[in-house]
Structures are given as structure tokens and as C-alpha cells.
Amino acid sequence: MGPNLFTNYGEAVSAVLFCIGFTNLLLQTNLIKKIIGLNIMDSAIYLFLAEKGYIAGRVAPIVVNGVTSTEAYINPIPSGLVLTGIVVSVSVTALMLSLTIRLYTRYHTLNLDEISMQLKKEGK
Amino acid sequence: MIISVILIPFIAGILVPIIPFQKRWQKEVFLETAVVLNSILVWYLLLHHSDSTFLLAHFTGNLNISFRVDGMSMVFAGLVSALWPFATLYAFEYMTKEKHENVFFLFYTLTYGVTLGIALAANLLTMYFFYELLTLVTVPLVMHTLTREAILASRKYLYYSLGGAAFAFLGLIMVIVYGSTTDFILGGVLDPAKTVGKTNVLLLIYVMAFMGFGVKAAVCPFNSWLPQASVAPTPVTALLHAVAVVKSGAFAIIRLTYYSFGTDFLKGTWAQDVVMAVVMFTIVYGCSRAVKETHLKRRLAYSTISNLSYILFGAVIMTPLGLVGALTHLVFHAVMKISSFFCAGAIMHQTDRHYVHELNGLGYKMPCVFGIFTVASLALMGVPGLAGFVSKWNLAQAAVESGNPLAWGGIACLLVSALLTAIYMLTIVVRAFFPGKDFDYGTVSGIRDPNWKMLLPLFIFTVFIILFGVYSQPLVDFFMEVAGGNI
Amino acid sequence: MNFICNFPFFSILLSLFSGTVCSVLPAKAAKAVNRVVIIAVGLMSAVLLLYLLSTGESFIYWMGHFPAPWGNEIRAGVLEAGMALFFCIIMYLSMAGGAHKLPGEVVESKHNLYYILVNLLLSSLLALVYTNDMFTAYVFVEINTISACGLIMIRQVGRTIEAAVRYMIMSLLGSGLLLFGLCIMYDLTGHLLMSNIKESVAQLIAAGEYQIPLIVSVALMCIGLCIKSALFPFHAWLPDAYGYSTVSSAAILSSLVSKGYIFLLIKIIYRVIGFDIFNSTRIIDVLFVFGLMGMIFGSLSAIKENDIRRMIAFSSVAQIGYIYMGFGMGTQAGMVASVFHILSHAATKSLLFIAAIGLTDVSGGSRKFIDLTGAAYRNKWAGVAFTAGSLSMVGIPLFSGFISKLLFAQAAVQVEGKMLASLIVLGISTVLNAIYFMKTVIRIYTTAGESPYSGVTFRDMKAYAVTLLFFILLNVALGVSSQPVVNMIEQGLAMFA
Amino acid sequence: MYFILLSIFFPILAGLFLLIRFRTPLSGEKAGTDRKPLLVLTGIFLVITAVFAFAAPLTAREGFTLFYLTETLPIYFRIDSVGQLFSLLAVIVLLCAGFFSFSYMKHEERESRYYGFYLILFGVLNALCFAGNLITFYLFFELLTLSSMPLVLHNGSREAIMAGLKYLFYSLCGAYGALFGIYFLYQSCDTLTFTAGGVLKETAVTQHGGFLLLTAFVMLLGFGVKAGMFPMHAWLPTAHPVAPAPASAVLSAVIVKAGVLAVVRITGYIFGTGFLRGTWVQTVWMCLTLITVFMGSMLAYREPVLKKRLAYSTVSQLSYILFGLAVMNEASLVGSLFQVLAHGFVKAALFLCAGAIIYKTGKTRVEEMRGIGKEMPLTMWCWTIASLGLVGIPPTGGFVSKWYLALGSLKSGLPVLDVLGPIILLVSALLTAGYLLPLTIHGFFPGGDYDYSGLQKKEPRKLMTVPILILTSLPVVIGLFPDTIAGIILMAVKGR
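Protein chains in written order, with this note's numbering: chain A, 1 to 124; chain B, 1 to 487; chain C, 1 to 497; chain D, 1 to 496.
Bound-form chain A, shown alone (with noise of 0.2 Å):
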């Protein structure tokens, strides 16, 4: 287990800041911290993906200097779907963003448990 921790280094960082991200989300209570928490985990996921895609010793799969051998190249798809998802992610979290506004100029809070607080104070 040790060494395969050890070797796989990469995958054992994503993994924790994965839960790092995870727990944040779930348990935070402050809306800001909940977002992060989504970007932590987000990154997390295109770390792996990256990490996985990476092949020791070569380049970007971006054509520049005419070599066009895939050998000297690393897998293309994670790439992309890393820069798919990073897209996803950007909006999912300028959704929260625009929602956590909408709340707090309507809460003056960031707690979401005050805002249900309020809520319930409201009745409705």
C-alpha cells in the first residue's frame, strides 16, 4: 500500500483534495466557502485527469514545431475533457455565485442557516 501510495503520489493528492473539496461543499455552512469548496473538488477531478493523461517526457498535444509522430505527444483526450469540464465548472459555479448574491441582498447573510432561519421566521 505504502509504495503504491507512494508512486501514485498524484492520484493520492486528487483524491484527498477531492474529499478536501467534498466536505467543504457539504458541511461549510458560509455560501463563499461552500463555492470553493465546489472549485477545490472541481480541480481535483481535472488534477487526476491530467495526471493520468500526462506521459513522462512529452509535450502538450499542440502542434508547433511540425512534428506530427502521436509518440511525441501526451494523450489528447484528457486534455480536453479536463478543459471541458474546467468550462462546466466555471459555470456551475457563476450560477452559485449569481444565487449566493441574489440571497445575500435579500439576507444580508451568507449563512445558508440563517437564511432558513429566516425563512421559517417568514412562514411561507
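Straight line, CA to CA, 20 Å or less: simulated PhoX-like cross-link-like pairs of lysine-lysine: (1) C:K439 <-> B:K156; (2) B:K97 <-> B:K23; (3) C:K368 <-> A:K120.
In case anyone wonders, no lab produced these hints; they're calculated from the structure.
These numbers come from a predicted model, not from an experiment.
For this one, chain A is given, so just place chains B, C and D on it according to the hints.
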């Protein structure tokens, strides 16, 4: 033909609110005609039945909705169709004091059709279908008065019935999966090849299904809906909660036990012991609650609980004789209880008194009603010469003959219950006829027997109580044939 | 290749494109476009379904001209086409039934936004149904989430925004897990197309390699989708989200969105991992237990609820429990029952939501039971429809709920170890269902005392009533002639393998 | 055969006729002054019924079936000697008490109801005596309870109604215990027709004899309720005293004997003494009867209210009879049946005396009755003679019966009980003397300090005294000719 007897009440019922009747008697004539016609049709059908099955619709897989007349259906359909015209007649008079007549008669007549559907169902699925429908069409009748009490009662009735059906459903599934067919065949349809090694599970499900159908038959601990439901107008309480609905539960259990799971499979197992113990407990429990109850109709309802378990007791003896006993009590109790309920209804209708202690001295003012009530009470107690004795005799003989020690204990329960029956019924009679020395007769002045529409059914039922008591042989012979699978 | 094979792609593209078009149209036109698109997609799906039924086999459609394992693919079988058709029907009816509420609940300027979101949602649902590519599925899951969130918060009150935030958070947790599981799967197999992954997984299993990561990956995907489809105990977000959004949104969310995720899970089980391999893991036991618990606790929460919309929402938790119980049985029959229940529940739940709105409208907008007293007399159609829906939920024969119950029970009997548990829970859950639905039905048919709303009547009756009628008919149709549908599901599942 | 039916159904129909014809007005006032038609009719009916009942055994002795309740349950009548004996007792007591009530009931309300049920009761009793099988017997046993209940609660006070209900429920409880046995017997017997020596199937005895014994015990307890046997005796001291005195006389003298008849029937004619003798059932049963004998006497001794005292006395005396039946040999059976007659007449006479006292003076408690002998000498003389009969002083019938009982017990050869029985009977006889004779003593010798000034003649009318006199003389008569009577009884016991 067979479907028409189910449809006619539906159509007639739906027409009631639609046709703009000018006068009340027109509506009465219309309804009574429809009901009587339908009853005649049912009897014609029963007497000229053929063994063929009428397939209405395929459901899913090999399940279908179909109808057939066999011995059991003859008993139940015959009973229901014989009682319904009288009850309808009685209802006309009774409902003059209630509101929303049209809605009442709509559902009242619908129930007739649904009950016939249960009786004539050829397989378990069809019966289950009508069984659920029965719950739904009777709920509006229970909540008819729309008082808070009625709402609570109907709510409870719904919960209990639907919940019970949910467990009865499990029994249906078992029969579908482990049976060779879902049709009713005396002796059961379980396929021995499929049930190997699954006996205990099947028995457990049987017990659940028994309790599920038992909800309608008011088996303890699922009986509390019945006394509450007696807030309904009396024709409903009398006919539905003494005959149609609760007997449907008992009928369903008989179908389940004798025609689906089969007595060979169940007899002598722990499942039989369990259900028998439950039934025995209910017999005594119902009676003791009736003794404690002071509301007249609720008292009768508790009495129904106990008497229904007589029927079930016969059923769970699981011998042909037991079935005969169960059927005898099924029919006789119907007549006795409907008669006593109608008396109660007549009392409430004439005097607006609901509690037992308010009945003091009424006996001399309403001699017909209380005379009939006395006969019904004695019959329920099982005095020889009246109907109740014969059915109890048959039940007890079946129990003795079965050789099952638990069933012997059941006889003791029957007798304890008979004693309690005497207590709760005769105290009413004594109150009515012997109000005591210092009773002020001024409080009952102006009270009279009701008119012929109420009395006629009562008299006819009383005649039947006595007739069954002294000359029941042809009927019992017929039940023997049914239990032997010859019809 | 037949022209009809283009239909899946067309329908996704059509709804996606119409979404963008809607943004520049006025509200009325957007509404028309939305209706037309749904009808068109539904028609295409119907034609596709007929075509597939006639050919009897599924097909794979390349996006662009790259063959597997490089290209992106769409796959259509009987089940997919049927599901798409069914989603369209429900969505159309839900939109029609809730249309009259929209002006009151959403500000005028945002109406076309609403239709954009609906169209987007439709496209993402269709994509979830048809796609053969895992990562595409993920992307559309996110699109689905975002549009669903938009549908919740389109009604701008505090409750809905809060509900939307909670919904987003839970959904994001779910999609995070899904994505992570997906990445591990990709890592293990090197593929993103479902059919290819399945081959590789079979090889891995045969070789006995990477067992633990495989299971972890499957588990992560399952949990992710469970969270998103509100399986107990991940259902905390659900009541608010369904309970306070506009009525069409609630109907669509409860009957379609969560079903989309569940359908994706079915696809993963069949097309990615393989049914038998999935069943050999302990995951199904976990799903089974959570399903059972959901059935009970969902209903218990519903009983305690004093708000009709939230009660229906909690009932969804219970019904989703049924579906997962079917998964957990690990048999073909259980799966058939679950798929049927997806249909039946979708038809019933949206009916209930729309009927409920009719009832609350005639009770001064209040959803408290006390105010609903006698509502069925004020709005007859809603009362009848609510009763029908309730009866279906309780499982009365003639309604679709009975058939799904029947199928579940029959499936349960065939599973030795889980038979008793599932049967008993099925029974108890029916009792609980009966309690809270019948309580409501009796309440709305009660006229005890004078209600303050006794004079209130309902506007826009015609369209609303027709919608409800269609819903009831759909329900009864599923309940009476279920055999063709069941056959179709069986055929479709067979095509998955 | 027609006389049997007439003796049963004529009084029942006549009673119903009275109930309907003379319906009392509802307002609650008295029946009015016009009692005469009612009384005349009742008297005629009573006499006619008595004639029928006497004539029945003379005309037909073979049984006949009236109809079938179910195919296997015939309603069957047959007259045998035992039945005849009980019928004799019933007819005489009912006649006497009936005529006694004509004047006694003057003060009571709703006389027609009383006479109506009285007549119905008469018919039912006849039917019981002539019943030829267990089912018929059971049928009329239940009817007996139901038709006698209105007599108990006749006066309508709360106490009377409660007592009536108590009577009803105890009796039904007993009847259902018996019914329990009948259910089982039906399967274990060839027939339920009464046959001397029993009708048990051989196979049933060998297969579950133990259970049959239990059945027998339950039936004995059940029928024993009616005969006031411990532990189900409590209804008797409550119910008997609250009824009008003639009704009490009938209850105490005749109706409780129905329980005795039932026990005779099931031990002798269904199970057969051979089956029961020497079993635990016999032992337990004997113990119960002895307990009852002793307890009844003790309670009577301590009871201050006259009619209640008599009721306790009935409890005790009835168990003499049951004790004799439990011993199950010839002498004891003769003793028992003798006691049936003796006790029947004596107890009826005593109750009527008590009734006369109450009617005339309104006194109910023993200590109020000092000097009563001076006021009503004839009544008190009858009381004294009847008391002596109950105590068992020769030459009254009571002595003969006790003699046979003791004889039978000593001959039985049962361990312990054979001697214990007679001892307890003796003790009880002493107690009987102790609770009955003080009334005589104080009645005639009120003591030196008694104030004679308030005394006046209170002897009742002939309509009251004549029945008392008849009933008092009868036990003496049978005591004077013990051999003849015993011979008849012996014939009956031997199974004619």
C-alpha cells in the same frame, strides 16, 4: 348476463342524481324497481348457472378479470341480493331525515354492484379488484353526514381497509407466483412443485393476507374502524357493516383459504394455529367491548366484530364441516344482525336516542320494534329454535370433529361469547321492557312504532330468523354440497 | 442507414437550438415554440419507437464520422425511444397544466427565459436518454442540473432561491462524485464510449485485475446519481425544491429530472458495467436497503407534513425508494418493475402536482390542509384528478400504481433472500401511502363548517381540465393495458445487453 | 301425545294471550280495579294445564318427535318415571303458589305480566320434565331461564332488576357450560336420547375418556348453576328473595329442581353412572356439594332477612340432593329423589308462609317477628311443621330422604367421604334447626317483656292459607308412607 347484474346497479346508481325526479316517490320507485329487478336477475342467474367463466378483460400477463358462478358465489350473491331490496326499502324511510339523498343512493346502489362483483369473481385478482372498489364506494357512505366524527371514521375506515388490502395483495402475489392459476378451485391452486422448501414463507404470507382481508372482517387488532364507522346512516351500518362489507372480508378469507391456498396446504400448520388464536381472541374481545359500550349502534358493531370471527373460526377449522359452519353463520348472522341494526335504526329514527341508557321503557311504546329486537337478541345468543343456535351448532360440531385441541378451546370461546352476547343484548331488552318502578313514563310519551316501510323488512327478517331456527335443513344440505365442491 | 435513425440527434439538436431561439422571442412566441418543439420531438420519438419495434434491434449513430472508440455516439433502442416519447408527453401535459399559473408566479420579462430553460431541460434529458458516451452524459447531467435549478428559481421568492441553492449543492456533490467515478473508470479502461467500456470491464473482471478501483468507481457513480435522484437519505433538498417552485417546474422536476438520472443509472448498469457484474457487487444490497428505508421514511415524512405540495414531494422520496428497491433486487424482473414504475410514477406525480395546484388556487393559494377543506367541491376536476392520482399511488387496480406494485411484488418473490423484506415493506409502505393520500382526499371532500373560500371558483378551467383528463387517461391506460408497455420494457432492456 | 303437547303449549299460548289481552296501561298507574277477569282466566288456565300435565303420563308413555331442529337434532318428548316425579312436584307447587298469588299480588303492579310469564313458565317446566333428549332439554332449559327472569325482576326496583340480570347471566353461563358438553357429546354418543345407563360410544370412551370426564365435569358445573351449587351459587340468595313471595316459592321449590333434573339426566341417562363412578369427577363433585351444604347452612344461620335466609337454606338443601346424586348408588339416588319432593313442598310452604307474613305485616327481618305466632297462629304452625320437615325430624319426608342419603353414602365405600358426608349432613341439619326454629320460638314465645297490647289477628284469607296448608301437609304425608314412595322412586331409578 353475469356482467349485467354488476352493471345494472352501476347504471341505476349513476342515473339517480342525473334524472331530475319531480317527486320523491318517483325516485323511490325507480330505485326499488332497479334493485328488485337486479336481485331477481341474480337469483335467476344463480339458479340457472353454468360452469362457464365469463372473461371480461385481460389484465396483464395471464391475469384477467372474469366472473363465474360457483357454490360460494351462490351463497354470498344470494344472500346479498336477498337482503338488498329490503334494506333499500328501509333506507327510503330512514333517509327522509338525512341530507344529500342523491349522493347517498348513488353510492348505496353502486355498492350493490361491487358486492356482487366480489361474490361472482372467478379469480383472486378480480375479487381483489372489487374488494378495493368496495372500500372506495363505501367511504362516501360512511362520511355521509359530514360531521367531524364521520370524517374521522371514514378516514380510519379508509386507512384500515386500504392497508389491509396492501397485505392481502401479498397473498395475491403468492398465488400468482406459486399457484398454477389464480382461479378459485376448491382445494387450492398452489403448485406443489413450486412450493417445495418455501412452505414457511408461504404460511407467513398467508397469515399476512389473512390479517389483510381480516381488516374488513374486523379481526382484532384491526377492528376499531367498524364501531367508529357506525356513525353512518343506519341502512349503511346495517347492510354494509353487518353484511356486505364485513362479509366480503370473511368471504375473501374463505376464498383465500379454501379456494386459493388450499386447506391441505394450511391445515395443521402453525399458520392455522396463529389465525385461529387471533380469531378466538377476537370472538371474546368483540363481545367484551360490546358489553362495555353504551352507544347502541356501536354496541351492535362490536357484536358484529365478534360474530364475524365466528365465521372466520369456522373457516380456519379448515375442514368441509368448518366451511359449512362458516357459511351457515355467514347467512344467519346476516339476517340476525341486519334485523337488530334495523331495530336500532328505527329507534334512532323515531326517538333520536342513541345510547343504551336512553332506551328505558321504550318497549311498551314500540312493541313491534322491541319485540323483533328481542327475537334477534335471543337468536344472536343462540337460543335453540332460532337461527343462531343452528349456526353455532354447526360451528361447534365442526370444531369437535376436527380433533384440533385449539378448536376445542374455540368452542369455549364461542360459549363465553354467547354469555357476553346475552349480557349486552338482554340488558337492552330488560331496560326497554322493565324500566323499573320509579320510571317516569312521561319521558317516552308520543313515541310510536315506525311505519310499514321500516317494519316490513323487520318482520320478514324475523320470520326468517325463526324459519332458519326450526327448519334449516335444506340450506345446510346446500352448504354441504358447496363445501364438498359439488356445486 | 434509414432516415429515421437521425431522429434522436435531430430531437436533441432541435430542442437545444429552439432554446437559443427562444431567448430573442417574445414570451407568447416562446411558448408556442416550446409547445411545438415538444410535440415535434414527441412525434419523432413515436416514429422512432415504431421503427425500432418493427426492426427489433437498436442502432448506433455516429456523431460526425469518427468510428468508435474515438467518435461520440448516440444509441437508440426501444427503451430509449419509448422513454423519450413518454418524457415528451409528460412534459407537454405538465406545461399545459401549469400554464395558467405562470403569469402569476414569474415576472413577465422572464417568461421566455422560462421556456429556454424548459427546452434546455428537454434537450439534456433527451441527451441523457440517447447518449452512448459517458463524458457527454456528464456534461448533460450538468446542463440538466443548471436548467433544473433555473426552473426552481425562476419564481423569485426567498424560498425558491434557497431551495435552488440547496438543490445545486446536493446536485454538485452528486455530479462531482459521478465525474470522479467516471474518471477512474476511464483510467481503468481507457474508453469513454459505453460499449467499449463494457468490453474492457468484462476483460478486467475476467483477468481479475483492478477489482477494488472498479468497484470504487461504480460505487462513486451510483452514489452520485442516487444523490441527484434524491434517494433516501440524500433527499433533504427535495421537498423545498419541489414544494415551492412553480407548478410546471415541480411536475417536471419530480417526474422527469430525477427519472433522467435514474435512467442514466440504468444505462450505466446495463451498458457500462454489465448487469451481471453489477449484481455481483454488494452495491445492490446497499441500494436495496436505502430503497426500503426511503419507502418507509419518505412516507412517514409525508404523513407529518402539513403542506400539500411538500407532502407530494415527500411522497416522491418514497416512490424513488420503490425504484431503487427494484434495482436492488438484482433481477431482470426487478429492473422491469423499476422501469415501469418510472413511467407510472412520472405519470402520477405530475398529475398530483397539477391537481394540487388547482386545489390550492381555490383555497386562497394556501397549501395548508385546513384551508383545503372542501376544495374538491370548488374545483371539481382537480378533486377528481387528485383522487385518481392518490388511488394510483395507493395501488388500486385499474390505475398504473397497481401494476407497478404487482410487478415489484412478483419480482420480489423470485429473489430468495430479499423476498420477505421487500414484500413486508411494500405492504407497510402501501399502508402509509393510503394514510396520507386518503387523508388528503377526505379532507378535500369535506364540507364541515363554512370555509372562508367557499365562493371561490377556478379560472381557465377548460385547458386545465383537458390536461387533467389526459393525465388520468394516461394513468388508466398504463393500468389497464400494461402488457404492451411491459413487453416493450423487456425488449428494451434486452437490447441494452 | 296430545296431552304432552297440550300441557306444554297450552299454558305458553295462554300466557301469551294474557300478556297481550291484559296489557296494562302505560302511564304507570295500577292495573285498575278490574282484576277479576284476569284472575278467573288465570285460574282456569292453571287448572286446565294441571289436568293436562297429570293426564299426559297416563295417556302416552312412548316418545315422539315433534320436529327436527336440524336433520340430526330432533325435538323429542317422552315421559319416564323421573320426569313424572318432577312433573308431579312442579304441578302441585305451581298450582298452590298460583292460587296463593291471587291475593298476594293485589298490591303489585302489572299483574297480567306476572301471570302471563307464570303460565309460560308452567308450560316450559312441563316440557322440561317430558323432554326426551338432551337437545330438547337444553332448549327448554334456556327458555326456563328466560321465562322465569321476568318473575324475578317483577317488582321493578333497581335491586330486583339487578338481581334478575344476575340470575339471567349466571343461568346462561351455566347453560353454556352445559352446551359446551353437548357439542362434544354429540360426537361421542350414539344418540342424545335419554337412556338409562348412558349413551356413550365405547370407542369414544377408550379414545378420549379423560376429555369426556372433563366434559362431564363442565356440564355438571354448568347445570349445577341452576341448582345453586358452589361455586356458582351467588345468584340464588340475590334473586330468590326479591321476587314476589309465590314466585320465590316456585323458584326455590321447582325451578332450581330443573338443575337437579338436568344433573340426573346427564349422570344417569347420558354419561351413565358406570362411567363416572370412582373418577375424580365424582370426588370433586362430592366435595363441592358438601361444601355447598355446609356453607349454605352457615350463611342462612347468619342471615337476618327472612326470605334471604330461606334462599340460603335452598342452597344448602339442594346440595343434599346433588350429594345423593354424586354418590351414585341406589339408596342415595332414592334419597335424592325423595329429597326433591320433600324439599320442594317444604320450601314452597316456607316461602308462602314468609309471603303471608310480609303481605300482612310488612315485616321482612327475623328479629322483627317476635310474637308473630300470636298474630298469625295458623301460618306459624305451618311454618313450624315445615321447618321440622326441613330439619329432618321424623315422621316428615325430610327425615326419610336424609336417612337414605346417609345410608347411601355409608354404603358407597368411597374413602373418607363416605363418613364425612353424613357428618356434614348432620351438622347442617343442626344448623337448619338453628336458623328456622328461632322464628317459631320467638313467634310463639316472644318473651316476658313483649308488649301484647298492639296485637291483632292478622291471619290471611283462605286463598292464602289453603295452599300453605296443602303444601305443609304433603311432606308429612310422604313421610308417613316412605316405603310406598321409595318403592315408586326405586322403580324410577331402575330405569323405567
